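Novice: Chain residues, written in single-letter form:
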Amino acid sequence: ETGVTQTPRHLVMGMTNKKSLKCEQHLGHNAMYWYKQSAKKPLELMFVYSLEERVENNSVPSRFSPECPNSSHLFLHLHTLQPEDSALYLCASSQDPAGVEETQYFGPGTRLLVL
Amino acid sequence: QKEVEQDPGPLSVPEGAIVSLNCTYSNSAFQYFMWYRQYSRKGPELLMYTYSSGNKEDGRFTAQVDKSSKYISLFIRDSQPSDSATYLCAMRSLSGDYKLSFGAGTTVTVRA
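First to last, the protein sequences are chains E and F.
As numbered in this note's numbering, residues 2 to 116 make up the first sequence, in order.
As numbered in this note's numbering, residues 87 to 198 make up the second sequence, in order.
Worth flagging that the hints you see were computed from the coordinates, not collected in a lab.
Treat the numbers as computed from the prediction; the structure is a model and nothing was measured.
Among these hints, one or two may not hold up.
As the list claims (entries may be wrong) - Which bits of chain F does chain E cover? Going by a derived footprint, with three or more residues having C-beta under 8 Å, they are:
| id | segment |
| --- | --- |
| 1 | 125-136 |
| 2 | 151-157 |
Said to hold, decoys possible - Below, a sample of chain F positions facing chain E; criterion: calculated Cβ distance under 10 Å:
| id | residue |
| --- | --- |
| 3 | Glu89 |
| 4 | Arg146 |
| 5 | Phe147 |
| 6 | Val194 |
Ideal placement from N, C-alpha and C gives every residue a C-beta, glycine not left out.
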């Protein structure tokens, strides 16, 4: 778990608030990911960054805005969220997203509640 | 049709029992199959991975892939209370597409 850290671990926000989620990886990986995990649903890939360049934006609403200032840090900026955005937001990293034996390492997640 | 189907359970077994988990998938391009374990309030961690068809063993865990049936399984022998978690299957093609397709996860409780 210490390879990928996420803060905060829990967040409650109103629909008019602006907040940011932070992810940091200490594994020397080149790719970072944001996933949304809702109860009884598969993980939904939101964004992928490879070498700090966004390579995937999986039809995510604009109220979610990612930022990847370097290969170790990833942010998810949140504004005017909806109650249905309440979920566990997971960050992951991997060495080479196109690698054959690619393994993604996950952080503990941020549990988000939108009121 | 979902790309990956996984029964969410929950599954409750006594300690020492064999736990059997499975997923079915629809995309015949998938060739790399993984099982992740997710404890409560934690992120998923990779448990096992395997290519193509056949079995792979790692201690008490056995992963099976049947590509002809598009069906993968995970067996846990001599289950322990510490195996209580949600198990997620995941898979991808080997075409350079980094995207993992996940099942919804099966929640397992091993009763002492």
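Novice: For every hint, state whether the structure bears it out.
Specialist: We went through each hint and held it up to the structure:
| no. | hint | verdict |
| --- | --- | --- |
| 1 | 125-136 | holds (count 7) |
| 2 | 151-157 | violated (count 0) |
| 3 | Glu89 | 8 Å, holds |
| 4 | Arg146 | 21 Å, violated |
| 5 | Phe147 | 16 Å, violated |
| 6 | Val194 | 15 Å, violated |
Violated hints for the displayed structure, listed by number in ascending order: 2, 4, 5, 6.
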